[in-house]
Structure formats: structure tokens, C-alpha cells
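Working from the sequences, and respecting the hints, build out all of it.
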Amino acid sequence: MQENDDILPITALPQTGFKAFAMLVTTLGTSTKTNDKLDALGKYFNTAPAKDRVWVIALFSGRRPKRMVSSTLLVQWCVALIQQPVWMFEECYHTVGDLAETIALLLPETDTLEGSGKSLAWYLEQVSRLEKADEADRKLFVVNNWLEMNREERFVFNKLLTGGFRIGVSQKMMVNALAKSVELEPSVIAHRISGNWNPATTSFEELLSEHAATTDYSKPYPFYLAYQLEDDVSTLGEPHEWQAEWKWDGIRGQLIKRNDQLFVWSRGEELMTEKFPEYEVLRDLLPNGVALDGEIIPAVGGQPLPFALLQTRIGRKNITKKQLQEAPICFFCYDLLEYNHEDWRNNPLTERRAQLEELVTKAGHTALQLSPLIFYSTWDDLIEIRRQSRDYYAEGLMLKRKSSAYQVGRKVGDWWKWKVDPFTIDAVMIYAQKGHGRRSNLYTDYTFAVKDGDKLVSFTKAYSGLTDKEFAQVDAFVKRNSLEKFGPVRTVKPELVFEIAFEGIAASNRHKSGVALRFPRISRWRKDKKPDEINTLEDLQKMLLLYGQKTVG
Amino acid sequence: MALIEFSNRGLYCPPGDFYIDPWKPVNKAVITHAHSDHARPGSAYYLCHHLTKPLLQARLGDNNYESSGWHEPISINGVKLSLHPAGHIIGSSQVRVEYNNEVWVVSGDYKTENDGISGAFEPVKCHVFITESTFGLPIYTWKKQEAIYSDIRQWIMYNKAQKKTSVLIAYSLGKAQRVLNAIAPLNETVYLHGAIYNMHQALLSAGLQLPAVERITPDTPKEKLRSAIVIAPPSADGTPWMKRFNPYSVGVCSGWMQVRGNVRRRNVDAGFVLSDHADWNGLLSAVKATGAEKVYVTHGFQSAFSRYLNEQGLWSAEVKTEYGGEEETDETIIKEEA
Numbered sequence: 001m002q003e004n005d006d007i008l009p010i011t012a013l014p015q016t017g018f019k020a021f022a023m024l025v026t027t028l029g030t031s032t033k034t035n036d037k038l039d040a041l042g043k044y045f046n047t048a049p050a051k052d053r054v055w056v057i058a059l060f061s062g063r064r065p066k067r068m069v070s071s072t073l074l075v076q077w078c079v080a081l082i083q084q085p086v087w088m089f090e091e092c093y094h095t096v097g098d099l100a101e102t103i104a105l106l107l108p109e110t111d112t113l114e115g116s117g118k119s120l121a122w123y124l125e126q127v128s129r130l131e132k133a134d135e136a137d138r139k140l141f142v143v144n145n146w147l148e149m150n151r152e153e154r155f156v157f158n159k160l161l162t163g164g165f166r167i168g169v170s171q172k173m174m175v176n177a178l179a180k181s182v183e184l185e186p187s188v189i190a191h192r193i194s195g196n197w198n199p200a201t202t203s204f205e206e207l208l209s210e211h212a213a214t215t216d217y218s219k220p221y222p223f224y225l226a227y228q229l230e231d232d233v234s235t236l237g238e239p240h241e242w243q244a245e246w247k248w249d250g251i252r253g254q255l256i257k258r259n260d261q262l263f264v265w266s267r268g269e270e271l272m273t274e275k276f277p278e279y280e281v282l283r284d285l286l287p288n289g290v291a292l293d294g295e296i297i298p299a300v301g302g303q304p305l306p307f308a309l310l311q312t313r314i315g316r317k318n319i320t321k322k323q324l325q326e327a328p329i330c331f332f333c334y335d336l337l338e339y340n341h342e343d344w345r346n347n348p349l350t351e352r353r354a355q356l357e358e359l360v361t362k363a364g365h366t367a368l369q370l371s372p373l374i375f376y377s378t379w380d381d382l383i384e385i386r387r388q389s390r391d392y393y394a395e396g397l398m399l400k401r402k403s404s405a406y407q408v409g410r411k412v413g414d415w416w417k418w419k420v421d422p423f424t425i426d427a428v429m430i431y432a433q434k435g436h437g438r439r440s441n442l443y444t445d446y447t448f449a450v451k452d453g454d455k456l457v458s459f460t461k462a463y464s465g466l467t468d469k470e471f472a473q474v475d476a477f478v479k480r481n482s483l484e485k486f487g488p489v490r491t492v493k494p495e496l497v498f499e500i501a502f503e504g505i506a507a508s509n510r511h512k513s514g515v516a517l518r519f520p521r522i523s524r525w526r527k528d529k530k531p532d533e534i535n536t537l538e539d540l541q542k543m544l545l546l547y548g549q550k551t552v553g
Numbered sequence: 001m002a003l004i005e006f007s008n009r010g011l012y013c014p015p016g017d018f019y020i021d022p023w024k025p026v027n028k029a030v031i032t033h034a035h036s037d038h039a040r041p042g043s044a045y046y047l048c049h050h051l052t053k054p055l056l057q058a059r060l061g062d063n064n065y066e067s068s069g070w071h072e073p074i075s076i077n078g079v080k081l082s083l084h085p086a087g088h089i090i091g092s093s094q095v096r097v098e099y100n101n102e103v104w105v106v107s108g109d110y111k112t113e114n115d116g117i118s119g120a121f122e123p124v125k126c127h128v129f130i131t132e133s134t135f136g137l138p139i140y141t142w143k144k145q146e147a148i149y150s151d152i153r154q155w156i157m158y159n160k161a162q163k164k165t166s167v168l169i170a171y172s173l174g175k176a177q178r179v180l181n182a183i184a185p186l187n188e189t190v191y192l193h194g195a196i197y198n199m200h201q202a203l204l205s206a207g208l209q210l211p212a213v214e215r216i217t218p219d220t221p222k223e224k225l226r227s228a229i230v231i232a233p234p235s236a237d238g239t240p241w242m243k244r245f246n247p248y249s250v251g252v253c254s255g256w257m258q259v260r261g262n263v264r265r266r267n268v269d270a271g272f273v274l275s276d277h278a279d280w281n282g283l284l285s286a287v288k289a290t291g292a293e294k295v296y297v298t299h300g301f302q303s304a305f306s307r308y309l310n311e312q313g314l315w316s317a318e319v320k321t322e323y324g325g326e327e328e329t330d331e332t333i334i335k336e337e338a
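Protein sequence lines correspond, in order, to chains U and V.
Under our numbering, think of the first position of the first sequence as 1, with each following residue one higher.
Under our numbering, think of the first position of the second sequence as 1, with each following residue one higher.
None of these hints come from the bench; they were simulated from the model.
One or more of the hints may lead you astray.
Below, simulated DSS-like cross-link-like pairs (lysine-lysine); rule was C-alpha separation at most 30 Å, straight line [as the list claims (entries may be wrong)]:
id, chain 1, residue 1, chain 2, residue 2
1, V, 143, U, 139
2, U, 485, V, 24
3, U, 493, V, 24
Which bits of chain U does chain V cover? Going by a derived footprint, with three or more residues having C-beta under 8 Å, they are [stated by the list, open to error]:
id, stretch
4, 100-108
5, 438-444
None of the values given here were measured: they were computed from a predicted structure.
The beta carbon of each residue, even a glycine, is placed where N, CA and C say it ideally should be.
What follows is the structure in C-alpha cells.
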């Protein structure tokens, strides 16, 4: 077999340009082992042109070009090309569960497997350029490119066009592969690629240079994230070595002031400064060269309000006076990452906290609050306090080792989140829809109802919580017990009972039931229960009264 | 009166008083092929193709079997019946039924590409065609068999270079023999899971020509399996039985691998889109070639396929059957093969 030693599968043959990127995405999307993904990324970073590397870093850290075309238009152009009715496209889409892939599968297979030969950067630059072009030009660009691509390329091209680019690789994995390729620490890479940069105008060298990190005043630090504490709290050792805080239900954020400018970043590295005018005043009250870690959360008089109120603010450009009065947004800070232009992340937590307290007191404004420490002497005290979390609109507790440094990413050991058990309610499934991604062509997205007298009232959807085997069983049930033949939704016989877990409840006039749940998911399949044993609308309303609607102030 | 009725026991021919692929025990059953969703136990009499008979014997045990070749007319209560190649698996047949100058054809499962083992699908002129629709959406279009075979071989060579065993997952009847043919040019020993080996023996005794293979037993030395080629049924995927091959790579051969979500759900290293069913274009060309005026669509995407035919101006209706499943996890097969 000697002469065959250099035979590689098609996916491993050396490629250039867009085809290489399409293959990278295919490998990342289908390989089952982290090491294989890291290898594929590493190889890509070692061989791809510098310009393409910059775009890959951008794409895999959530910096996508703006959508240049709506899904509706893409579907129109596709059905015109393949001469299929729109309903057939929709049937296919519901089965595939991914628009980009549906189009890639439906377009006629090209004879050339050569692909286009152009670079990833070329496509992305065209996409940005065509953002302002008229529809005919955009159509020409899209259709012509479809016709000269192979199936993998079309899929990736469509993914770039439709904006969504989740393909089974985390930012952390990309950072690790890049770190190995350029021989730097992952934490250094994570910091350098954070913040405000434009992949179209940034070179690979600029992006990774030490110099750039010091000239971008907005640049945030990578967040330190905690794992859920699964073991008994006493396994953490001595209670006095730990600091406890409430775990708030807001948006994790980083507030930075440098060069007389204020920046607010979300954990998803979205710059949110403009969204919350409440913070403007802090620009004059904070010294230059500080970075604070904390929670973006509505609060009045230092008392946090339900997350539902924050939701009314997200994505809204014009904020009413009423909103500013009734649910002003505060920053509950719990850590200090930079002080006096110096990186404080390696100082022990107690030291950072002391400096933070001084800073917040000096600023002296309600928009900037200290996330209070919780005082306790034994773990039993803390167990008792954790039970009251919901009364404080907290999701539970955070436990941080007093001597800990502020690390990069999700790490085990020094920081733990210790959430309270979720609310649960028993409900019956009444509608089902096929899922997306790895649940394609399986009924995995369900709508649930509670009883209201003799009627059933739908109150939530849930997509997760069952094992693959259970999903397959429910899928078979839906296929046997549904009414409709076309379209995405199947009305099913109300027979299967599930326990739904959720983190919060709020009043809502958009839902028939009058309630909206936070993070609903299936906690287990109650095969032991019949549909007439489920919870009632009244049970939900009681929960809403108890936990959902505390009046402001 | 319709020549074939859709009863709760299966497709029924009233003048001939026989059933085609019934899912409940009946007096007289005509069987299109030996997959367990079409060939069920308990009937008093079975009629099938010569090559299907030994497979039914292996799967259903001793029964009252009669077999026939293709194109041989048989008369049952005045109804003229004949079998015609369906190209799905070994022995798979379409059933042509003629009575009072009216011709109906039941396709069973079929594929239009010739795999060199199952006999080439043959369109049969009829008034009414009853077709399957397992892959009856235009997203399902297959590459040429030889291109897929070459992908499989390249994948095996790549695994070899990585010193990994290649475990190919394929249904024991039909797919496994195609995979064997696909890798024959590599001239290597192929190791079979017991279930596939048993099927292999049944096919050999039915007179089929197949490449030489070796059965995997608890005594097979691990060194022999290193970097080797293995074919195993879907029921073996993810079980402790696979541990003996470590390190290995898993490749699933199935039409469902066309959609990447399915590949990800199966958590396999490679998906080869190799199906024993007709793809979208295959279904359309088969329907057209029959010249049928009416088309009934069974198991698969019957609603969509039948609606499409209607919009193309061909009378069509969908029919609920209890077929389908051998491309998915089939509980009966698993029990049998355990």
C-alpha cells in the first residue's frame, strides 16, 4: 500500500481561496472531535491568504457583514432558477431546517467541481459593496455566483448572504487554533481580537499586533465566565475563602472609560453604549483608564427589576421618557479589570473589589451601583440565603474565590454560578414543528398547553431538554397523530405530558395565556401522567402573582 | 371496482383475492422484496422472486413459498400477475397486475440507477402506478454511484494513512453488498459484522457472486482489525461492539446523509449519500415512463410528491401505508441482528 500513503480524502486536498474556506466550514460542521476541528482551523490559518484569515477571525467572532439581501429575495431567485413552486421550496426548507442549505441542495449541480477560485475576502468585499446596489445588480451577483459554485461553496456563500453564521465552532476554539498558529497565548489573542475593528480595513498583522491593542480605546477584556456548581457547596472548602454575590438576571457587560470616551460592551461583544443613554453621565464621573465588569440591569433605588423590563429596551432606538423613569438602566458592577490605565486582572479579587468600591462611591451616581456582597459565616447560612434569590430578582448566587485572578473565558475552579432550581409546570404538547440543524426533518419544536376548565390554553414553546432517543419517539408520535399535511406546524392529539422548567415569569398581552416565560425548556417527559393531570392556567397565574409582577419601587 | 384497494391489511386485489406486501397476516401475500417492512411474518402463502425466496426463508423461517422469475405471467383467480425488476435490492420486484384489460403496477421500493446487483429497474406500462416516495422532494438528488464509490475508497485510504479502521455503516440487505462492490477495487480483506455475514451467506447460497469476506467474531485478533475495512449494520453503531476497532472512523451510507443535519445528528465522521431508493429525478422519470393516467403515492413524502404530480397535470392521490423505515432505524431488523 506504500504508493497510496499520500492519498487524502477530497476534503483534505490542498485548496485555495473560497473553496478552502467552504471545506473548512464543512469540516467544522461535520467533524465530531474537537481535535479534528482545531486541526482544520490550524491548517487553514497556516495556509490561507492573510486577508482571508482576517475575515475568518471576524466571522467566527460574530463580526459579520451586513445582510445584503433578504431571505425572501433569495428564495424568489432560487425558485425562479429551478422552476419549482414556492410551496415545494417551503416543504424542502421545513425538512432541511436551514435556508442556505435548502438553496444549495435545490440548485442544479454544476459539472465543474473546480469551484470559483476567488478568495473569501473577494466575496465579502462584494457583499459589502452591493449592500447599496439596486436589486437587479444584487440578483445578478448572487445568481451568477451560484451557477459557478459547487454545493459546499453555495452553502457557505448562502450562509454569508443570510447573515447567520453558526456552524459548530465557538469563538474560543477559533482563538485556540489561531493562538497555536501564531504562537501566542490564547488569552492574549482573545484580547487582541476583541473590540471595535473592521475586517475590511484591518490587516492580519495590525489585528494581532501589541500596538493595536493600545490604540483602540474601546477594546474590552475577554470576560471571565463561571460554570454551574453541581456538587455540594461544602466541596469548595472554607466558607471564608469565598465571596458571595447575587447572580443577576440582566446582560453581562463591560463599562470602559478611556481617552474621555465611554464604551459599554455586552458579553456578546456588541457595543451597546448608544442603547443606554442612562450611562452618559458616567463619562464625567469616572476617571480615564478604567474597565468595570458588571450587569446591565433595570433598577430603581438600587433595587433590580425583572428582566422583562430590560427586554422592552433591547433593540429599541427611541426610548420614551416613561421608560427612562419607570425602568432606568443601571450598571451593577462586581469587578475592576483596569484602573489608572493598568491591567488589574491578575490582582487578587479582594484587592480589585476594594478599589472598585472606592471608585463607585466616588462616582456617586445611581446609574452605577455596586453589586452587594452577601455576608454569611457558614455554608448552611448561604444555602438558606440562596433560597431567597427570587425575592431579589436574582437567579441564584455567584461564588468567587477571594484570592482569584480575573481569568479569560469559562474556567473551572475559582468562580462558580450557583443558580436556584427552576420553576416547573406540567403541560401537554399540542403543536409540533420540525427542527433545525442537527434536528432537521425531526419534529422537535413543541408548543405546550395548560388546562383552563375544559379547554387547553397554549402558554409556551420549548425546543430542548429531551434526549435524541426521546425526540425520535415524539417525532414518531407526531407523524402518526397529526392533522395537517403541509406547512410547518402540525396540530397533534393532546396526549403527551411534559414537565416544563423555566427561570422566570412575566405578564404578557401578546400570549393567549397572559404570561411569558423566561428560558422555558423540557425538564422531563412525564410518561406517568395523563393529559387531565396537567397544571392549570390558574397555577400559572398564581406564579405570576408571586414572582412576576412586583410593582416598581 | 378498483383493481387494487388500500385496506387496513395492505394493498388488496379483490378479483385475485391476494395482497401485495401486507402488514398483517393474510391468506395470499405477494412480496416485492425482503426488507422487513414489506415482508412480514404470519401469512399462509408467499409469492416472490426466485432471489427473494432464500432471503424470506432466512428472515421469516419456513413457510409456504412460491417463487417466480421476472416477466413470467402467473394467473391467480383469473388475474394475470407478473414480477418486474425494481432495482432496489437483490430480488426486488415491481408487481404488475392485469384484469379486464386494465393494468396496475405496484412499485414496492425502487431505484432507477443500475447497481449491478439488484437487476436494472424496468419501467412497466400501466394505467395506474402505485409508487413509493421515500425521497420525494427535489432536495434529494444523488451523485452517480461511481463518484460515491470513489469517495468511499478515498476515505478508506485516508483513514489508513491515519492508521484508523474504517467502519462503514450499511443495511445488511442491499446496501452492504453495494459497499462491498464499491471497495472491491482496493483488493483488501473486508470484515463483516455477524448480521451482515449471515445475510452474505444467504445470498451466496442463493447463487449470488460476491467478493470474499471475513466474519468478525469475539476471537478475531485485534491486530487484524487495525486499519482494516469493516461493514456493520446501523444497529451496531455506537455500541460497545465498536470498541474493538479503536482507533476508527465511522462512515454512514444512506440517502438521508444528503442533509447535513442528519449527519450531525448521527454523530458520524463521514456521510455517504448512497441510497437504494430513487431520487427526485428518478421518481419523476419512473412515473413518466409508466405512461400511467393515475398515480397513487405511498410511503415517504407522499403529500408533496402527489401534490406536485397533480400540479403537473397528472391525477394523483396519496395513500397511507405502513411501509418505510429500512432507511431509518428499523426495530425489527435490530432485534433480528442483535
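Evaluated hints:
1. Taking the CA atoms of residue 143 of chain V and residue 139 of chain U, the gap is near 28 Å; set against the 30 Å cutoff, the hint holds.
2. Simply put, residue 485 of chain U and residue 24 of chain V have alpha-carbon atoms about 26 Å apart, close enough for the 30 Å limit, and the pair holds.
3. Taking the CA atoms of residue 493 of chain U and residue 24 of chain V, the gap is about 26 Å. The hint holds against a cut of 30 Å.
4. Counting residues of the stretch 100-108 of chain U whose beta-carbon sits less than 8 Å from any beta-carbon of chain V gives 4, enough to reach three: the coverage restraint holds.
5. Check on the stretch 438-444 of chain U: 5 of its residues sit with their Cβ under 8 Å from a Cβ of chain V, so the three-residue criterion for coverage holds.
Going down the numbered hints, you'll see the structure goes against none, and every one checks out.
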